Structures are given as structure tokens and as C-alpha cells.
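2 protein chains.
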Amino acid sequence: MEPPAPRRRVTIVDVARHAQVSTTAVSKVLRNAYGASPEMRAKVRRAIDELGYRPHAGARALRGQTYTIGVMLPDIRNPFFPEILDGITGSLEDTEYQVLLGPGCNGEKAEARVTEAMIDRGMDGIVLVAPVSSRARLEQVASAVPTVVIGRHGSSSLYDTVTDDDIEGASLVVGHLAGLGHRRIAHIDHHETDPARLAEMPNARRADGYRQAMRAHGLEESIDVVSTSYTQEGGYEGARQLLTRPHRPTAVFAGADVVAMGVLEAVGEAGLTVPGDLSVAGYDNTTFAAFGPISLTSVDQAGHEMGRNAVRLLLDRIADRHRPSSRVMLSPTLVPRRTTAPPAS
Amino acid sequence: MEPPAPRRRVTIVDVARHAQVSTTAVSKVLRNAYGASPEMRAKVRRAIDELGYRPHAGARALRGQTYTIGVMLPDIRNPFFPEILDGITGSLEDTEYQVLLGPGCNGEKAEARVTEAMIDRGMDGIVLVAPVSSRARLEQVASAVPTVVIGRHGSSSLYDTVTDDDIEGASLVVGHLAGLGHRRIAHIDHHETDPARLAEMPNARRADGYRQAMRAHGLEESIDVVSTSYTQEGGYEGARQLLTRPHRPTAVFAGADVVAMGVLEAVGEAGLTVPGDLSVAGYDNTTFAAFGPISLTSVDQAGHEMGRNAVRLLLDRIADRHRPSSRVMLSPTLVPRRTTAPPAS
DNA sequence: TCGATCGTGGGTAACGTTTTCCAAAGAAGA
DNA sequence: TCTTCTTTGGAAAACGTTACCCACGATCGA
Chain P
1 MEPPAPRRRV TIVDVARHAQ VSTTAVSKVL RNAYGASPEM RAKVRRAIDE
51 LGYRPHAGAR ALRGQTYTIG VMLPDIRNPF FPEILDGITG SLEDTEYQVL
101 LGPGCNGEKA EARVTEAMID RGMDGIVLVA PVSSRARLEQ VASAVPTVVI
151 GRHGSSSLYD TVTDDDIEGA SLVVGHLAGL GHRRIAHIDH HETDPARLAE
201 MPNARRADGY RQAMRAHGLE ESIDVVSTSY TQEGGYEGAR QLLTRPHRPT
251 AVFAGADVVA MGVLEAVGEA GLTVPGDLSV AGYDNTTFAA FGPISLTSVD
301 QAGHEMGRNA VRLLLDRIAD RHRPSSRVML SPTLVPRRTT APPAS
Chain E
1 MEPPAPRRRV TIVDVARHAQ VSTTAVSKVL RNAYGASPEM RAKVRRAIDE
51 LGYRPHAGAR ALRGQTYTIG VMLPDIRNPF FPEILDGITG SLEDTEYQVL
101 LGPGCNGEKA EARVTEAMID RGMDGIVLVA PVSSRARLEQ VASAVPTVVI
151 GRHGSSSLYD TVTDDDIEGA SLVVGHLAGL GHRRIAHIDH HETDPARLAE
201 MPNARRADGY RQAMRAHGLE ESIDVVSTSY TQEGGYEGAR QLLTRPHRPT
251 AVFAGADVVA MGVLEAVGEA GLTVPGDLSV AGYDNTTFAA FGPISLTSVD
301 QAGHEMGRNA VRLLLDRIAD RHRPSSRVML SPTLVPRRTT APPAS
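One line per chain: the protein sequences are P and E, in this order. Under our numbering, the first sequence has 337 at position 337, and the numbering climbs by one with no breaks. Under our numbering, the second sequence has 27 at position 27, and the numbering climbs by one with no breaks.
These are computed hints drawn from the structure, not numbers from a lab. One should not assume that every hint holds.
Derived lysine to any residue pairs resembling SDA-like cross-links, with alpha carbons at most 20 Å apart [said to hold, decoys possible]:
1) E/K109 - P/L334
2) P/K28 - E/Y53
3) P/K109 - E/T95
4) P/K109 - E/L315
5) E/K109 - P/T95
6) P/K109 - E/K109
7) P/K109 - E/Y53
8) P/K28 - E/E96
9) P/K109 - E/E93
10) E/K109 - P/D49
11) E/K43 - P/E96
12) E/K43 - P/D49
13) E/K109 - P/G90
Small disclaimer: the values here were computed from a predicted structure and weren't measured.
With these hints in hand, go ahead and build the complete structure from the sequences.
Written out as C-alpha cells, the structure reads:
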């Protein structure tokens, strides 16, 4: 009377029996390990196919690998992160590894929960994208499982990092705007209080890069940074502040595309036009930056490349946990679009 | 000489020894199982805290639960899905369960890989959001692990479903546009070939709802459906077709917000204005629909609610696998914004 | 007072893999 | 011919947890 007869999962023992070999032999074939003749491999593989056997990851976790890579994204909504993810999954497509994502994390507490969950589930490696946790916490994670950190400066001997050259990115934007004839170029930054973390966060680099580039262009007097947050609301708020300046800036460099969205909204509400009254540039070159009606000038971070590099580093580290850690820094490129133009004289 | 002394993980045996009880006792406390006195619980919990013990999910997978829920999203980029995800994670926040996401799936093959991976990893339950796999495949998954399917019509005795009432949603849009005085209201649909799947997909419901509502408003003559795809490009392409009609529609009901984005782009390129020359409505009420400069009229599906309901159904099914399956259908609401207005006489 | 029941606790055998041995049989070298 | 490798295969012990069952003492009902 039981509906679909809850039949038992096919195990390595079934395969062994069906192929008339030992379970050890099957295990060797599964892992491409040494000590199995070609004939035996063929025999075992046939049995695996015939029975539709798939190894149980939980059981594997107890002894060896789970062939699972955990990826933690800080915010599913930020359209930049899917780029990175594509780079990661693309590189792993033809391997045995499977990618699983931790859901959107905001704050150290949520990050801790997700990383713990990943460790407890025996993930073979972890990719942390723009984590906000303390360095000590990151090293704690890295000492439990091979780890690569994306989008955070500052290196550690325990984990590898992949970052964008944010200073250069900021420099590209300022150079572009200055080249168009702008002098009063303002910047909207993400406000960060913790001084230890501060130096490692990309936003700080972008702000520094902005200042350096302004000086390099002889615009030191015009340096104007508003600190809100890397969200649309943050951009909106920052723009409102900038628009009430007695001497309004003619261009705004927003630290992220979502921030630029908020700026556009505030500018529209103020009855001003882009780029007529104000040029706006973003950072990340997310999909909607390319969207026709918006057409936002932005900095492209090559998310794909970041993901690809992260995977390469991670697999290397899985193969040899004691290999010295390395840092990869990628160069951004500027994508000029219709939100930037020469200032109205 | 080994750098950080790769110290062993704390196990249930360590806890048992430290608390001077049996491992069985510790296990009981962990699972809130019957057969442990309050004093013993306290003693064990203290030991757990002092040692910083966390159960190993792999080992648990072999005997009991892993306290892991797998969520498969078809497309990370579509901003509607994070809403659902928030509903899911929000409901599970205060439980022991941990959510892990399968990365963006396009196509049956990718879906099969992800679902298999989740089953192999001993997930206690799976939420499939708008899957494209065949019904047979879904039932296969559901017979291996408790499953809830979101955003797909048609029921099964093996899994529960949560859907939006797409017919009503379409009706809301047509009613709104007709109420504004529009008569030539066109619709952009997602093209689907497989007839078996067709009937279960939300887009088909929306198209049907559109046709029904048009008839109900006496606009049968004006029914005009273009089939492209639920992407920005699809919207762009669909709009181009509609704009070359000898008798141009005055309003377009796009089957999804991303489609509406493509429409807006095409309209802009054609030198027309919204809503002056053309009213545009979307579906999903994604974040960027609310974005000031866009301000898209859309249908809100209450993604949060969908996620919450899915979790409820899933936990119920985990508790009793043989409970009869149920269907939840939520009612959408219309959010009128600035892309819809009365037609230019 | 005597069995039955209940509450509390533990012993032990799974669960499905991988890993660490070890054995047997040839092959190669002396 | 006698060692010494190599190759091929398997037996058995982990890995960390839970499920199943049993034991013990106390309480209860008659």
C-alpha cells in the first residue's frame, strides 16, 4: 500500500557486487586512483552506468572530499556579483566539482553563520566575495578549509586574494571627466567606521584613487567626498547633499553603479538633466549600466576573470594546502556612455 | 615545523567525555529528542559551548538529517527571485536549517545536475523556483527528497506547489489599461514549444489571462500577442515588431519586468515617449520597476509570501512525507506607476 | 507487596565512503 | 634459482553521527 515503494539508494556495495569486484576497487575507479587495471576500470564503469550509481557526498565527507565549492556573495541583488559567479561556475563546469551558494549575507554575524555551515558540510573550498568579517575571522575560516577572498585588499598567508585595481579604476574615471573639461568632480564613498577593515575595503581604495588622481590633474582644491553607503539610497542621499552645495559640482563619480542609480534619481527629482547639468559615472559596469535609457558611464572590473582566477587559485590550494598564498590583481577598464559629457560652460 | 598545527575537529565524543555522559545523550540534546533530563541537557549544552562543538553535517547525512534546504533559482539576474529567496531565508532564520543555493540554471541539463547534487548531499528538502524540467523529472526529484515547486502550475501528488494567480495578474493589467481608455493593448509572451510543459508555465497563463480579459472588455478584435522571450532582448525585439504595425498599439503589457525594460529601450530608440506615445506595463514588480527614472507600472507577485509559504509546506512535508500534497495560489496586486497613462487621443 | 509503567541513561550497530594496510602473482635482476 | 620489485586486487578499520534496543531505578495501581 506504500505509494511509490521508497526504494533504497544504490551504494558502492551494489556496484561492487554487480561488477564482481571489491568496494575498494570501485572507490579507486571513482577517484581515478592508482591500482586498477584498464579492464577493471571498464567493468566498474559499466556497472556504475547500469545501476545509475552516484556517490553519496555525506559519506564521502567523512573520509575524503565532497567535491563541493562554497561561494558566499554579500548581496544577490547587486548585479555585479553574478558576473563573478559565472566566472566561477564556468570554470568548474567540466570538473566534478559542484558549486553551492550561501544566501545573501549582510553583516559579520550572517557571514559567520554561512561560513560555519559551509565548513560543517565539508566543502572542499570556499570563495568569499567582498566579505566584511574581520581579518582574524577570515584567517580562522581559511585555516579550516582552502579559501579565496575576492574583492578585498590586504593579503594573508592563509588565503589567496583576487582584487581589482581600484586605484587605477578611480584614476580612469577622474581622467575621463577631467579630459572632458570638468573641474568640480565630486565622489560618493561608502562610509566605513572600523579602521582595521577600512584599509582593506575596495571603497577606500577608490576614494584614495580619486584623491590621488584629482591631485595629479591639479584639481586638489576641488576634492569633495561625501560618505554615505554603497546602495541606491546612499547615492540618492549623497546627491542631495552635493546638489545643495553653493558651488555645485559638474560631475559625480559614484563608487558603485547602484550608487549612481540613486544619484540619477535625485538629479531627476531636482529638475536637472544628465549629462547636461551633471555628469555621472559609476563603478562595476553592471548589466543595467548598459541598459539604453540609462547608459551609464562605468568602470568594468571583469567579474568573469575574477571568478576564473579565484577558481584556479582555489583548486591549486586544494591540491596543496601549504603552498604559499598569492594575490591576483586585475586591471579595470573604463566604459564611457551617455551620462558623461563636457560641462555646460 | 607545520605552520598552524592542523588540529582535529571537536566531535560528539569529545563533548560526551567533557560532560561525562554518553554520546547518545549528547545526540539527544542536539536533536531535542526524548529521554534527557533538564540537568543533563544543561550539562551537555555547557560542554558544547565550552568546546565550541558543531555537528558534522556529513556524518549526520549518513543517519539522519543535515538541516540543509536547497534552493534552485533559474536565473540569479532576474531581480524577482531574490524576493522569493528573502522569504525563504527569513522564515528559516530562527531555525536550525541552513539554506544553500544552486547556481543559475538554464535548461534541463543544468537543472538535473543541480538537483542531483542536492540529493547526493543529503539535503532535507528542496525548493525549485520556476523549473523548466519535465514533470516526470520533477516527480523523480520529489520522490527522492521533499520538494516544493514555486511558480509552475499543474499539481502532482508528490510535491507541493506555490504559484501566483497569473490569470488574475494579467486581468489586472488589462483592466487598468482599458480603464485608462486604451483599446489596442498588445502583449509580449515568452515563446515555449514543448506542449506538455506549456500548460504549466506562468507565461502561458499570463497570455491566457490577457486574452480572457481582452474579451471581457470587449476588445477581442484588438488581441495582439507577440512571442519572443522573457529577457530584455526579447522585449526589445517584441517592441520593434509591435512598433512597425500599420495600426500601432497604444499600450503594451510585457509578461515580465525585464521584458518591459527592453520595450522601453526600443521605444526610446524609435524616438517615441512613454507614456505619451505608448503605455508600458510589466510583471513582477522588481526593484528597478520602482526606480524613479523608470517608474514602471507592474504586477506585484508578493515574492516574500511565496518564499514563506514554500518553507511552511516544505517543513510540513519533511515532518510527514506521506501527507497529501497541497497547492497554494497567491493573489497578485497591481502597482500603477508613471509608464501608464491615458492614450493620446 | 507485586507486577506494570515511566523516566532516564547508555551500548552498539548501522550509514556509505576512503584509506591503510596486506597478499598474491608475475616480472625483473642477481 | 633465489631475491626483490611492481602490479593488481581485496580486507578491514576508520570517519562522526543517529536509531534501535536494553537496563535500571522509581513510581503507580491494585
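- Item | Pairwise hint evaluation, P/E96 against E/K43, where the allowed Cα distance is 20 Å at most | The given pair, whose Cα atoms are some 43 Å apart, is violated under the 20 Å limit.
- Query: E/K43 and P/D49: Cα distance at most 20 Å?
  - Reply: violated (50 Å)
- Message: Hint check: E/K109 vs P/G90, CA-CA at most 20 Å. Holds or violated?
- Response: holds (15 Å)
- Item | Restraint check for E/K109 with P/D49, where alpha carbons must lie at most 20 Å apart | holds (17 Å)
- Query: CA of P/K28 to CA of E/E96, is that 20 Å or under?
  - Reply: violated (36 Å)
- Message: Given the hinted pair P/K109 and E/T95, is their Cα-Cα distance within 20 Å?
- Response: The given pair, whose Cα atoms are some 15 Å apart, holds under the 20 Å limit.
- Does E/Y53 lie within 20 Å of P/K109 when you go C-alpha to C-alpha? holds (18 Å)
- Taking only the CA atoms, is the gap from P/K109 to E/E93 under or equal to 20 Å? holds (12 Å)
- Task: Measure nothing beyond the straight line between the CA atoms of E/K109 and P/T95; if it is 20 Å or shorter, mark the hint as holding.
- Result: Judged against 20 Å, a Cα distance of about 15 Å means the pair holds.
- Would the pair P/K109 and E/L315 pass a check requiring their Cα atoms to be no farther apart than 20 Å? Violated - the C-alpha atoms of E/L315 and P/K109 are around 25 Å apart, more than 20 Å.
- Take the C-alpha atoms of E/K109 and P/L334, compute the straight-line distance between them, and say whether it is at most 20 Å. violated (37 Å)
- Query: Taken at face value, is the distance from the CA of E/K109 to the CA of P/K109 at most 20 Å?
  - Reply: violated (36 Å)
Hints 1, 2, 4, 6, 8, 11, 12, counting from the list given before, are not met by this structure.
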